[in-house]
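Chains as they are written, first to last, in the working numbering: chain A, 216 to 443; chain B, 392 to 783.
Think of the hints as simulated: they come from the structure by calculation, not from any bench.
On a predicted model such as this, the values are computed, not experimentally measured, just so you know.
Glycine residues also receive a C-beta, built at the ideal position from the N, C-alpha and C atoms.
Worth double-checking, as some hints may not be accurate.
[Said to hold, decoys possible] Mimicking DSS-like on lysine-lysine, the simulated pairs with C-alpha atoms at most 25 Å apart in a straight line are:
id, chain 1, residue 1, chain 2, residue 2
1, A, K295, B, K610
2, B, K492, A, K332
3, A, K335, A, K347
4, B, K596, B, K642
5, A, K251, A, K442
6, A, K332, B, K686
7, B, K554, B, K596
8, A, K295, B, K397
9, A, K411, A, K251
10, A, K251, A, K437
11, B, K397, A, K335
12, A, K258, A, K229
13, B, K686, A, K334
14, A, K335, A, K251
15, A, K295, A, K332
16, A, K411, A, K258
17, B, K596, B, K474
18, B, K596, B, K553
19, B, K509, B, K406
20, B, K397, A, K334
21, A, K251, A, K229
22, A, K334, B, K406
23, A, K295, A, K223
24, A, K332, A, K411
[Said to hold, decoys possible] To list a few chain B residues with every Cβ distance to chain A over 12 Å, as calculated:
id, residue
25, S393
26, I407
27, I434
28, S495
29, T530
30, M533
31, G552
32, A555
33, V558
34, P559
35, Y560
36, Q621
37, I634
38, M677
39, T684
40, G753
Given next are the chains, with one letter for each unit.
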Amino acid sequence: MYPIELRKITKSFKNASGNGELLILDSIDLCPQVGKSTAIIGKSGTGKSTLLQIAGGLDAPTSGSVFCNGTDLGTLSDSKKSLIRNRNMGFVFQNNMLLEDFTALENVMIPAMIAGKGKKECRDRALELLEKLGLTDRLDHLPGQLSGGERQRVAICRALMNSPEIIFADEPTGSLDEENAREVENMLFDIVSSEKKTLLLVTHNIDFANRCDMVYRLSNRKLTLEKG
Amino acid sequence: MSFRFKAAFRYAFSKIRGQRTAAVMITLGIAAGIIAMIMVSSIMNGLQGAQIDRLRNLESYDIVLENTVLTPGQLEQIAGVDKAFVYGETAVLITDKDSLKSVSVRLRAFSPETLRYKRLAENLTFSDSLDDGGLCLSTHIMSSLRFLRGDSIEVTFLRQGKKAAVVPYTAEINVDSAYVSTLSSFSSSTALMGLDRYVEIMGNKDIYTGIYCSTSVSKTAELIREADPQAVITQWPEYNRTIYSALMLEKAMVYVFLSFIFLIICVNLRNSTGRLIDARRQEGAMLRALGATRKDINVIFMSQGIILCTAGEILGALIGLLAVNNIQNILVLVDAVAGTSIASYRFEAFISAGETCAILAGVLLTATLFTYLGCRRTFRSEIMEVIFNVSD
């Protein structure tokens with residue numbers, strides 16, 4: 216069983232006029248290897264993020280199935296899907312999406328708090344992750360008081376909080392300058408490798424993608440293997 | 392504290408500028424609504440309480456007859472009639488000849504025999520015996536116009552004229568006596584005089600027959616109607632009941648209007664909450680991506696609404712109750728600013744704990760319902776419809 220497995224995924228959107236449909240993904244199969252990093256590259260507008268969102272159960276495919284450890288996500292209720300997202304998946308988005316009213320420490324603790332874990336357990340794990348990513352002096356800072364790179368590192372810590380099997384990262388360095396981007400890349404790979412997580416990454420940065428074990432290219436609605 | 396309530400508290404008292412402003416506006420809106428409801432209810436209670444007390448304490452005739460052909464002696468022969476008196480009643484203007492200060496009073500004219508009747512005598516105290524030709528004023532009028540017994544004052548009547556319907560007529564009358572009374576029908580703005588002098592000045596205008604009953608007022612009224620079908624009969628209990636019903640209707644209507652005001656506040660609350668939630672849609676969607684269920688998100692945002700509503704209610708109740716306890720001071724202030732004289736009518740505004748709780752519970756329930764409607768609409772959509780990612 217794989218932490219995530221996509222079978223014959225098709226996704227289409229209705230045209231703005233309401234007549235006809237725009238096909239984005241056409242019968243895509245994908246099965247990231249356990250403990251390995253997989254990158255999906257492609258031009259803007261090809262549907263990379265949509266594919267990642269479908270894989271993470273954040274969006275529903277038009278047809279096809281997404282399996283998480285053998286369970287078809289399409290057959291699950293909202294609460295069961297939420298439980299799987301909370302325990303098995305971690306998300307890092309381009310614009311980090313931190314909760315603005317919570318401190319860095321609290322933002323990291325949120326997935327564990329949603330899971331109903333005790334405060335001490337949550338705090339200890341969050342402190343451990345924030346320390347690994349060099350944020351011990353930023354614990355009580357609100358997101359608005361952090362730099363872009365620091366915010367993205369907090370987002371990475373949050374994605375790892377419940378020790379999920381798979382991390383979905385959607386352009387995690389897309390909004391950062393080169394120096395910060397390189398730092399976040401290094402930290403992401405270091406922590407994913409030290410925690411032995413499966414990483415599914417979407418980027419249009421070829422250098423970043425090439426640091427992954429496998430690289431797929433999404434083009435013309437199809438996925439083709441480029442590396443691995 | 393569970394994550395849901397921690398998040399709700401954090402969102403309710405957010406430090407983010409736009410959010411904080413919206414939350415403050417919602418809280419103040421609720422507080423204003425609560426203050427309005429508590430104050431209007433209290434004032435209505437006070438005014439109605441005073442009016443109802445007066446009606447209940449009113450010691451006047453059980454039945455009043457106009458245009459009757461029956462004499463008091465004939466009326467007292469009817470079963471149920473305890474005593475019948477002829478009296479006059481009209482509004483007059485009393486003027487102090489020295490200071491030229493005037494005051495409008497109600498003049499009631501009785502025969503001395505009437506004032507000896509036990510139900511009046513027990514509640515009226517005179518400083519001196521009432522001379523048939525003189526005037527007896529309440530101690531309040533005496534002190535406010537600085538009259539002394541024996542003073543000759545000007546009393547202006549409106550009586551029937553030969554050419555005009557009414558003409559003013561001023562007579563100089565001596566002040567013979569002063570009185571105090573616990574009866575509302577002899578309030579401080581009432582003057583008394585002998586019936587003979589009254590008839591001499593006014594003729595038969597504004598002359599009535601008052602009847603005290605020993606048994607059922609309505610049955611006695613029916614018997615009087617049989618004896619004198621042309622007489623206009625007014626029964627005091629019936630008259631009082633009408634006023635009482637009118638007061639109750641007035642209170643009910645005020646509540647209806649208050650409910651409309653509150654409905655408007657609730658619609659605004661729903662829109663404000665909707666705007667608050669709209670601003671949080673991305674965060675809500677992100678929480679769902681982190682594993683929160685749709686129900687969790689609804690609970691967080693509904694709790695946020697309830698917290699703001701409760702804060703507004705506490706603030707509104709405190710200010711409202713404080714204002715109710717200082718209503719006379721507020722009215723004096725209003726008079727000073729607006730040049731009115733509403734503070735001159737003294738009454739005690741009050742609201743019961745039950746009424747206060749009912750208002751607070753009603754507001755909280757309505758606000759919760761409208762917040763739920765706002766949440767339901769916002770979080771019906773899928774997560775990725777909300778999280779906008781620009782990487783593609």
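Results for each hint:
With a C-alpha separation of about 78 Å, the suggested pairing of K295/A with K610/B is violated against the 25 Å cut-off. For the given pair, K492/B sits about 84 Å from K332/A by alpha-carbon distance, which is inconsistent with the 25 Å threshold. Straight-line distance between C-alpha atoms of K335/A and K347/A comes to about 18 Å, which keeps the hinted pair within the 25 Å bound. Taking the CA atoms of K596/B and K642/B, the gap is near 37 Å; set against the 25 Å cutoff, the hint is violated.
At roughly 13 Å between alpha-carbon atoms, K251/A and K442/A fall within 25 Å of each other, so this suggested pair holds. For a cut-off of 25 Å, the pair hint linking K332/A to K686/B stands: about 19 Å separates their Cα positions. Distance restraint check for K554/B and K596/B: the Cα-Cα separation of roughly 16 Å lies within the 25 Å cut-off, and the hinted pair is therefore satisfied. Using a Cα cut-off of 25 Å, the hinted pair K295/A and K397/B holds, with the two alpha carbons roughly 23 Å apart.
With a C-alpha separation of about 8 Å, the suggested pair K411/A and K251/A falls inside the 25 Å cut-off, and the hint holds. Taking the CA atoms of K251/A and K437/A, the gap is near 22 Å; set against the 25 Å cutoff, the hint holds. Under the criterion of a C-alpha separation no larger than 25 Å, the hint pairing K397/B with K335/A is consistent with the structure, at around 16 Å. Restraint check for K258/A and K229/A: satisfied, since their Cα atoms lie roughly 21 Å apart, inside the 25 Å limit.
For the suggested pair K686/B and K334/A, the alpha carbons sit about 22 Å apart, so the restraint of at most 25 Å is met. Among the hinted pairs, K335/A with K251/A is inconsistent with the structure: their alpha-carbon atoms are about 31 Å apart, more than 25 Å. Proximity of K295/A to K332/A is assessed by CA-CA distance (about 18 Å); at most 25 Å being required, the pair is judged to hold. The suggested pairing of K411/A with K258/A is violated, with an alpha-carbon distance near 29 Å, which exceeds 25 Å.
This hinted pair checks out: K596/B and K474/B have alpha carbons roughly 22 Å apart, not beyond 25 Å. For the hint linking K596/B to K553/B, the alpha-carbon distance of about 13 Å falls within 25 Å, and the restraint holds. Using a Cα cut-off of 25 Å, the hinted pair K509/B and K406/B is violated, with the two alpha carbons roughly 74 Å apart. Restraint check for K397/B and K334/A: satisfied, since their Cα atoms lie roughly 12 Å apart, inside the 25 Å limit.
Taking the CA atoms of K251/A and K229/A, the gap is near 35 Å; set against the 25 Å cutoff, the hint is violated. Straight-line distance between C-alpha atoms of K334/A and K406/B comes to about 23 Å, which keeps the hinted pair within the 25 Å bound. About 23 Å separates the Cα atoms of K295/A and K223/A, which keeps this hinted pair within 25 Å; it holds. About 22 Å separates the Cα atoms of K332/A and K411/A, which keeps this hinted pair within 25 Å; it holds.
Annotated as non-interface, S393/B brings its C-beta within 12 Å of a C-beta of chain A; the closest such distance is 8 Å. The Cβ of I407/B sits about 6 Å from the closest Cβ of chain A, inside the 12 Å cut-off, so the non-interface label is violated. With a cut of 12 Å on Cβ distances, I434/B stays outside the contact zone with chain A, its closest approach being about 41 Å. Every beta carbon of chain A lies more than 12 Å from that of S495/B, the smallest distance being close to 66 Å; the non-interface claim holds.
Annotated as non-interface, T530/B keeps its C-beta farther than 12 Å from every C-beta of chain A; the closest such distance is 69 Å. The beta carbon of M533/B sits about 71 Å from the closest Cβ of chain A, which is more than 12 Å, so the claim that it is off the interface holds. The claim that G552/B is not at the interface with chain A holds, since no C-beta of that chain comes within 12 Å of its own (minimum 82 Å). Non-interface status of A555/B relative to chain A is upheld: no Cβ of that chain comes within 12 Å, the nearest being about 80 Å off.
V558/B, annotated as away from the interface, keeps every beta carbon of chain A farther than 12 Å; the closest lies near 80 Å. For P559/B, the requirement that its beta carbon stay farther than 12 Å from each beta carbon of chain A is met, with the minimum near 77 Å. Listed as a non-interface residue, Y560/B keeps its Cβ farther than 12 Å from every Cβ of chain A; the least gap is roughly 81 Å. Listed as outside the interface, Q621/B is consistent with that label: its C-beta sits roughly 82 Å from the nearest C-beta of chain A, beyond the 12 Å cut-off.
Under the 12 Å C-beta cut-off, the non-interface status given to I634/B relative to chain A holds; the minimum distance is some 57 Å. With a least CB separation of 4 Å from chain A, M677/B falls inside the 12 Å interface cut-off, contrary to its annotation. With a closest Cβ-Cβ approach of about 4 Å to chain A, T684/B is found to fall inside the 12 Å limit, against its non-interface label. Non-interface status of G753/B relative to chain A is upheld: no Cβ of that chain comes within 12 Å, the nearest being about 31 Å off.
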